[in-house]
Amino acid sequence: MPNLFKLLLDWSEVWALFIPLTVLIYKRKIQVESLPLMLYVCIALLLNIMQDYIWKKQLLFFYSSQPGDNIIFYHIHSIIRLLLFSWFFIQVKQPFLHRVKKTVPIVFIIIVIVNYGFFDSIFTKFNSRMLGLEALGILFYCMVYFLNLLTDEEVISYKKNATFWMVTGICMYVVINFPIFIFYERFSANAQKFAIGIWDIHNLTYIMLCVFMAKYFYTTSYE
Amino acid sequence: MSDIFLFVIASVVMILLFASFFKLLILSQQKKINYQQGLQQLREQQHKQLIESAVRSEEEERLRIAEQLHDEIGALLSAAKLHVVGIKNSSLPANEAKLHITAKELLDEAIQKVRSISHNLHSSILTNFGLNEAIAHFVHTTCSQIIETTINLDSSYTVKDSEGDISTLRLVQELIQNILKHAMPTYLIISSKFADNQLVILINHDGEGLSQQEFESLRYKTLGLGLRNIQNRLILLEGTIFFQKNQSSFTINLTIPKK
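Chains as they are written, first to last, in our numbering: chain A, 272 to 494; chain B, 192 to 450.
Hints may contain errors.
Claimed, not checked - In silico SDA-like links for lysine to any residue, alpha-carbon gap of 20 Å or less: (1) A:Lys-373 to A:Val-415; (2) B:Lys-223 to A:Val-426; (3) A:Lys-486 to A:Val-285; (4) B:Lys-214 to A:Phe-417.
In short, the hints are calculated from the structure, not lab data.
Sequences are here, hints too, so could you generate the full structure?
Structure, rendered in structure tokens:
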């Protein structure tokens, strides 16, 4: 039983994405605002299948320094996630800090190019700085959204507001994973067992994120 | 170990900050909801006060007109009748005698109509004998000559609520007048039941009535005063009305809470 649980957890980054994907396929009627998240689900599924398969099968590619090296997929996933989530947040009809929201992905891309071009390798080491920066960027978007809700006079209906569910899910994911991303590089070098343990926490929060995403797709189909 | 400790502290701080922020958000939303509910209650209160003053003005005006009709026009007509009756018919030529009889009949009819209009405008029966008697009197004078009527009112209703009773009577009058005008029934049954501080009045007829759906669509579309009056009085009484279509008849269910 513990082996089955561990196996499920190890592959959770793959099967969890089928939860929102099932809702997407079942509901079919999806709004334009959901496009960034739809794309994220599809791209993330492909990336996660590749990263988990390479790790499980210990495959060796041209970029790999050792068998099972799948770090590049995590980095690409992080970049894609920030870009698509930025698109999602920019589409949310809130005038508060709208220009700043549009600037964040541009600044992030510049930092990515400079960092991976001159400082770190995108292929080999888990880059805590970049993933932490990505989490910070997404957290900024979430805080702007919630601050706008606080200051807005309009009352939102939690049950019917799909965006609220999605932003809450994203916020919970980044809040819990921000310290994990920041410290993971050090733990993977000095305390590998602990690193594996905290990555299991990441996987659990990823399942939770996918559930919130499914809720978002389900609610938007009725709007 | 220090890294693990730092990690744990950082995680706990992040989670606590998020939880506090989320709680603040929920509380602010709750505050907004309470504020909007308070505003809505004030609006409803104001609307009710406006209706109350409109209805009160209407009743005062009705009373004034009823008294003037009865005291002035009624008195004038009665005095005119006395003078006409004072003329001896036998002393008149044949054609003038006919006119004299017609004049007396017209005066009698005018006096009756003035009395009837005066009573309809302001029923002293309501003040002196209560709602049941007022309804029964109205039905008897308006409908019993035209269609078959049955009155079965709950005698346990003895609540003294003059303003509420006036509005209830007006509601019943308005509904019955609408039924007679539009539905063309052959019978009318008015019954009431008073229990659990609620007065339920049922008006059943076999004419062309309204279903609840039709009433709902009419109440917001039509400009007619009748339905508007019914709505205003219902708001005032905090009552409800329900139109039911049965197999061969229609029933109007009026439920009015009585304190």
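Hints versus structure:
{"no.": "1", "hint": "A:Lys-373 to A:Val-415", "verdict": "holds, 13 Å"}
{"no.": "2", "hint": "B:Lys-223 to A:Val-426", "verdict": "holds, 6 Å"}
{"no.": "3", "hint": "A:Lys-486 to A:Val-285", "verdict": "holds, 18 Å"}
{"no.": "4", "hint": "B:Lys-214 to A:Phe-417", "verdict": "holds, 11 Å"}
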